[in-house]
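The primary structure of each chain is shown beneath.
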Amino acid sequence: MSTKTMRMSQLSHQFLTKLSAIVPLAKHWLYKFHGGIFPDYHKDLALKQPLRQGYMPKKLILPLQQHMGEPATACVKVGENVLKYQVIAQAIEPRSVPLHAPTSGKVVAIAPQPLPHASGVAEMAIVIEPDGLDEALTNPLQQDQLPPNNKQDPIAAFKHTILNAGVVGMGGAGFPSYAKLPNQPGLVKHLIINGAECEPFITCDDMLMQTHPAEILAGAHALATAFQIPNIIFAIESNKPNAIKAVRHAIAGQASNSVVKVQLVEVATVYPMGGQKQLIQELLGLEIPHNKHAIDIGIVMMNVATLRAIHHAINLGLPSVSRFVTVSGHGLKEPFNIETMIGTPFDELAMLAKPASSINYSLIMGGPMMGVRLVNNHVPVIKTTNCILANPPEPIHQAMACIRCGECAEVCPVNLLPQQLYWHAKAQEFDKTQDYKLFDCIECGCCAYVCPSHIPLVQYYRNAKAEIREQHAQAALAEQAKQRHEARLARIEREKLEREAKLAAKKAAVKAQAAEATPKKDVTAEPATTKLSAREKAMQAAKARQAAAAASSKKADSAAVKSEPAAPSAEDKRKAAMAAAKARAAAKQAKQAQQSDKKSATESVSVEDKRKAAMAAAKARAAAKKAQQESSDA
Amino acid sequence: MHNIYTSSPFAHNNSSVQKVMLQVQLAALPALVVHLLLFGYGIVIQWFLAVATALLVEYVMLKLRGRPLLPNMTDFSALITVTGLVFCIPPESPWWVVVLGSAFALIFGKHLYGGLGYNPFNPAMLGYAFLLLSFPAQMTQWTLPTELTGLHRPFWDTFQVIFFGLSTEPEIYTGATPLSLMRSGLHEGVSAVNVMMSPILGSGWFGLNAWAWVNIAFFIGGLYLLLTRTIRWQYPVGFLGALIITAWFFHTLNPDVYAPVSFHLLAGGTMLAAFFIITDPVSSSTTPYGRLIYAAGIGLLVYVIRNWGTFPDGIAFAILLMNIAVPLIDRYTQPRVVGHSR
Numbered sequence: 001m002s003t004k005t006m007r008m009s010q011l012s013h014q015f016l017t018k019l020s021a022i023v024p025l026a027k028h029w030l031y032k033f034h035g036g037i038f039p040d041y042h043k044d045l046a047l048k049q050p051l052r053q054g055y056m057p058k059k060l061i062l063p064l065q066q067h068m069g070e071p072a073t074a075c076v077k078v079g080e081n082v083l084k085y086q087v088i089a090q091a092i093e094p095r096s097v098p099l100h101a102p103t104s105g106k107v108v109a110i111a112p113q114p115l116p117h118a119s120g121v122a123e124m125a126i127v128i129e130p131d132g133l134d135e136a137l138t139n140p141l142q143q144d145q146l147p148p149n150n151k152q153d154p155i156a157a158f159k160h161t162i163l164n165a166g167v168v169g170m171g172g173a174g175f176p177s178y179a180k181l182p183n184q185p186g187l188v189k190h191l192i193i194n195g196a197e198c199e200p201f202i203t204c205d206d207m208l209m210q211t212h213p214a215e216i217l218a219g220a221h222a223l224a225t226a227f228q229i230p231n232i233i234f235a236i237e238s239n240k241p242n243a244i245k246a247v248r249h250a251i252a253g254q255a256s257n258s259v260v261k262v263q264l265v266e267v268a269t270v271y272p273m274g275g276q277k278q279l280i281q282e283l284l285g286l287e288i289p290h291n292k293h294a295i296d297i298g299i300v301m302m303n304v305a306t307l308r309a310i311h312h313a314i315n316l317g318l319p320s321v322s323r324f325v326t327v328s329g330h331g332l333k334e335p336f337n338i339e340t341m342i343g344t345p346f347d348e349l350a351m352l353a354k355p356a357s358s359i360n361y362s363l364i365m366g367g368p369m370m371g372v373r374l375v376n377n378h379v380p381v382i383k384t385t386n387c388i389l390a391n392p393p394e395p396i397h398q399a400m401a402c403i404r405c406g407e408c409a410e411v412c413p414v415n416l417l418p419q420q421l422y423w424h425a426k427a428q429e430f431d432k433t434q435d436y437k438l439f440d441c442i443e444c445g446c447c448a449y450v451c452p453s454h455i456p457l458v459q460y461y462r463n464a465k466a467e468i469r470e471q472h473a474q475a476a477l478a479e480q481a482k483q484r485h486e487a488r489l490a491r492i493e494r495e496k497l498e499r500e501a502k503l504a505a506k507k508a509a510v511k512a513q514a515a516e517a518t519p520k521k522d523v524t525a526e527p528a529t530t531k532l533s534a535r536e537k538a539m540q541a542a543k544a545r546q547a548a549a550a551a552s553s554k555k556a557d558s559a560a561v562k563s564e565p566a567a568p569s570a571e572d573k574r575k576a577a578m579a580a581a582k583a584r585a586a587a588k589q590a591k592q593a594q595q596s597d598k599k600s601a602t603e604s605v606s607v608e609d610k611r612k613a614a615m616a617a618a619k620a621r622a623a624a625k626k627a628q629q630e631s632s633d634a
Numbered sequence: 001m002h003n004i005y006t007s008s009p010f011a012h013n014n015s016s017v018q019k020v021m022l023q024v025q026l027a028a029l030p031a032l033v034v035h036l037l038l039f040g041y042g043i044v045i046q047w048f049l050a051v052a053t054a055l056l057v058e059y060v061m062l063k064l065r066g067r068p069l070l071p072n073m074t075d076f077s078a079l080i081t082v083t084g085l086v087f088c089i090p091p092e093s094p095w096w097v098v099v100l101g102s103a104f105a106l107i108f109g110k111h112l113y114g115g116l117g118y119n120p121f122n123p124a125m126l127g128y129a130f131l132l133l134s135f136p137a138q139m140t141q142w143t144l145p146t147e148l149t150g151l152h153r154p155f156w157d158t159f160q161v162i163f164f165g166l167s168t169e170p171e172i173y174t175g176a177t178p179l180s181l182m183r184s185g186l187h188e189g190v191s192a193v194n195v196m197m198s199p200i201l202g203s204g205w206f207g208l209n210a211w212a213w214v215n216i217a218f219f220i221g222g223l224y225l226l227l228t229r230t231i232r233w234q235y236p237v238g239f240l241g242a243l244i245i246t247a248w249f250f251h252t253l254n255p256d257v258y259a260p261v262s263f264h265l266l267a268g269g270t271m272l273a274a275f276f277i278i279t280d281p282v283s284s285s286t287t288p289y290g291r292l293i294y295a296a297g298i299g300l301l302v303y304v305i306r307n308w309g310t311f312p313d314g315i316a317f318a319i320l321l322m323n324i325a326v327p328l329i330d331r332y333t334q335p336r337v338v339g340h341s342r
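So the sequence lines, in the order shown, correspond to chains A and B. Counting from 1, one number per residue, gives the positions in the first sequence under my numbering. Counting from 1, one number per residue, gives the positions in the second sequence under my numbering.
In case anyone wonders, no lab produced these hints; they're calculated from the structure. Just so you know, not all the hints are guaranteed correct.
Straight-line Cα separation of at most 27 Å, BS3-like style, residue types lysine-lysine; simulated pairs [what the hints assert, rightly or not]:
#, chain 1, residue 1, chain 2, residue 2
1, A, K277, A, K292
2, B, K19, A, K426
3, B, K19, A, K27
What follows is a list of derived Cβ distance ranges for each label pair [unchecked claim]:
#, chain 1, residue 1, chain 2, residue 2, range
4, A, H330, B, W156, 52 to 58 Å
5, A, G285, B, P71, 42 to 48 Å
6, B, Y332, A, G285, 26 to 32 Å
7, A, E93, B, L69, 54 to 60 Å
Owing to the predicted nature of the structure, the values given are computational and were not obtained by experimental measurement. Backbone N, C-alpha and C define an ideal beta-carbon position, used for all residues, glycine too.
Full structure from sequences and hints, please.
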């Protein structure tokens, strides 16, 4: 962008900002995505208090699953003493991340504990009783001992380190960060640092940007260097002037020694600006195509807290064991932001904020728009917990009929027709909901926020999505069962044939032996020619079948065990070839014996011949297959 | 029953159906006042009659349908329906006209379809169409503006006229509306320009007739609704836009036979429809483009019916016809979802 156009856009932006003070509609012209709402933010509640640090809870509850993917596997025992940063659960399953002890102490339990989740289910967690010493392990990530194949490849090393450090997306989704990154350099064109923080009440990212802007930038630079990302954009909503100032200052300080200059963009304050799709639309004017990810269009977006965790892992060699959390809400007298250890119970933090009345209501994890109301308040802060919200319950508005006012469609950031989705979801017409692009709904809650009939729209969409997923799962299970059944039938049939073939081959062998024992007689020329042609045909057919069987088994073999070295398959081929040769020999012998039998009629002989050859071939096939199976099992 | 505690969002902008309906009612006040000043007390009596009917009908129908009374009686949707209807009825028509119309609108227009939110047709216009088809004599004889007749009937007299029909010389005090005048004038071969100069059309405050003033009052109320974002801009823009373009086109083509744009904008129920009737979201299209098409379709049909139809004002029929087309419009005007190609 040239300076002149930039100046113009700045001017028009200033004008629109002023205009929006008089005409509320003008607010919508300050950003690029559709819809959006302007709720009461209440951000000053927690921002009024300074950042708190160093709270030591009595017990830390560390769920094995704090991210999207598979849970980690505990590698400590009850009664064991652990040091800060020590790995207490390993990433054995794919798409899992390890878990580290946030402080030194003793493992007092490895048992199911209530999780901060809407269902309130209890899942396996490691409970640590801190000893208060906060003794740390030195060099916890052991970056100097990278696997040999990672050493040459900076990207593999980078991903290995952040996986080992247990870094997951801290903005809310909790996707393992290493899994978000490509395996080759140059695929990422833009790194977007997400400091929008558009949810009301939440200010933990704001506080982090104010207090640790250089660490965020260091994480971004480490990422940009490893993946050769040419462009870094740092996006902050306009309602965080202090964070903007701090980040601008930090960028100025780093400009001289950094490869990529960070571009700071002040984005309009509108919910849900911090949504990945919306922020990308706002900053780059790009839409992530349906069923694609940001990385598919060359974009990686990271939350500020995630980038700080990356900085800690890559530059300091420290795993992810703490995070910034906002403790706020109308039910608290002294809301605050705190840097606290993962595993700190919600209720303890809420008590620190001096509740106005006893908290006999459910706390919310996250903000009021997309947060989760807890079933149990004694749940731990996990890696994705950005806010603990204590809002006393308000009187429930009874949901009324939809008047099709379309207010929901006006505010939908993905331009859906929420009223139509609701209509079909309510009627359980799930195929229709998919026609109206149900799965593009980001569940931001804008529609329900503005609904004059107070219909819990998002809940209908969540239900519909769950129902559809359930239906798909059922259909997949049914299909699997069907395939299994068919495979079983085929196996039974095959085994029957194999048994028959074996029996026939044995019989043939016995007969052949008997024939060899008897003296040879003269062969008449005329029947021999006809016999020969029949024999030839049979043999050709048998050969063709054999070849087909060998080819198919070879294919199956290569598909099933790709990683297997070439030797066994070569051996297989040899075995199969040998078996085939044997079978051929047996067939020949059998035919010879038949041939020598002068008494039998020409027709019957040829038929017998064919059958025997086929049987022998089947036997050979079976043998070859068996050999194959054995080698692949090995 | 939905347990809203289990699922986000936990915040709301405090809007409600009641607030929306009251906003509309509030915006109709200027028109009510102008009407009162220019046509006498008739409108007030009719409005109270309609509201009483609405309360009774709502109560009985909710009882019959086995629905809870409180939330449905207090959604104020029936109030808006009957208010829309009252402005379409001659202010001194007999009491049973408005009672029948209101009852028909609410019973057949709303409750029999399943109540608020489920009716395919605009209930007020359904009630009006029913009245116009059943009682054309009562529906087409309008009370003339007091300015013209010089008769300022006191409240009690108006009451008696409505309830007992005591008016001695009805022909003097009632007459045709501007739309009817234009129709009959053109029929008799008088040019549109000359019809415009007739005393009923051309005189009044600042040279504008009483019906024009009511329309202006509705326009002002409508602007309020637009600014408070109670109604969507697509409705008035689509409707008035289509009406203006068609009227301008035909007037330019032949000014003798086709009335000017200003006449169409300020006659009949143009502004009432533009801001208060077609904006009923339940029976209109829900997509942004769909609303524009829906409103433009009504504008076009209104012009067609006014000029070539048998009824003096085509608004009710235009709206009902476009109500039928709503599912089709909705289907073909779905917006492009982010991340999808058209």
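Here is how each hint holds up against the structure:
no.: 1; hint: A:K277 with A:K292; verdict: 11 Å, holds
no.: 2; hint: B:K19 with A:K426; verdict: 25 Å, holds
no.: 3; hint: B:K19 with A:K27; verdict: 23 Å, holds
no.: 4; hint: A:H330 with B:W156: 52 to 58 Å; verdict: 56 Å, holds
no.: 5; hint: A:G285 with B:P71: 42 to 48 Å; verdict: 45 Å, holds
no.: 6; hint: B:Y332 with A:G285: 26 to 32 Å; verdict: 28 Å, holds
no.: 7; hint: A:E93 with B:L69: 54 to 60 Å; verdict: 57 Å, holds
This entry satisfies every hint, going by the numbered hints stated previously.
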